[in-house]
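> Anchor point for the sequence shown: position 95 equals 95 in this note's numbering, and the numbering is continuous, going up by one each time.
Hints in this document: simulated from the structure, not taken from any laboratory.
Incorrect hints may appear among the rest.
Distance windows between CB atoms, simulated [stated by the list, open to error]:
(1) Ala101 / Glu77: 28 to 38 Å
(2) Ala33 / Arg97: 14 to 24 Å
(3) Asp15 / Arg97: 38 to 48 Å
(4) His120 / Phe68: 14 to 24 Å
(5) Asp50 / Val16: 40 to 50 Å
(6) Ala101 / Asp80: 30 to 40 Å
(7) Ile90 / Tyr11: 32 to 42 Å
Ideal Cβ placement from N, Cα and C applies to all residues, glycine included.
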Amino acid sequence: LLATLGGNIVYLGEDVAAAATMDLATLSYIYGASIGFFQGAALAQAEGLDVGVYGGIVEAMSPSFGAFLRHEGNVVETGDFAVSQSPLSISVDATGRIEQAMRHHGLRSELPALIAQLLHDAEQAGYGNEEFAAV
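Required output: the full structure, derived from the provided sequences and hints.
Encoded structure:
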């Protein structure tokens, strides 16, 4: 019955708080990704691009990004941050460009600024040549 109603049922162990914690962790991803998507939509729209096309691009790339995040989760779990897919350093400039583009168009830039700063700080702390999850 639960599989029919709930879908992806995952056993998290005997700790009764595990389900609530995993729910919060999952919602953290959902809200972060959603706000990032909406900011991207605002940027695309500010440039006169079709936001529906943008949505289709994001949909098409989402399965491979899910696989990347699964990999990064395994990186965190094992504690082995040696680069195997994506060094943190390549994201520092990209996130700075996102922040600049948002500011250029007068759009809300707090989230891109925070992300850019977190990645910059991680690079300055010596994590630039480690896996993205080292952030």
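> The structure should be examined with respect to each hint, and the outcome stated for every one.
Structure-based check of each hint:
no.	hint	in the structure
1	Ala101 / Glu77: 28 to 38 Å	holds (34 Å)
2	Ala33 / Arg97: 14 to 24 Å	holds (19 Å)
3	Asp15 / Arg97: 38 to 48 Å	holds (42 Å)
4	His120 / Phe68: 14 to 24 Å	holds (21 Å)
5	Asp50 / Val16: 40 to 50 Å	holds (47 Å)
6	Ala101 / Asp80: 30 to 40 Å	holds (34 Å)
7	Ile90 / Tyr11: 32 to 42 Å	holds (36 Å)
Hint check: no violations occur; every hint is consistent with the structure.
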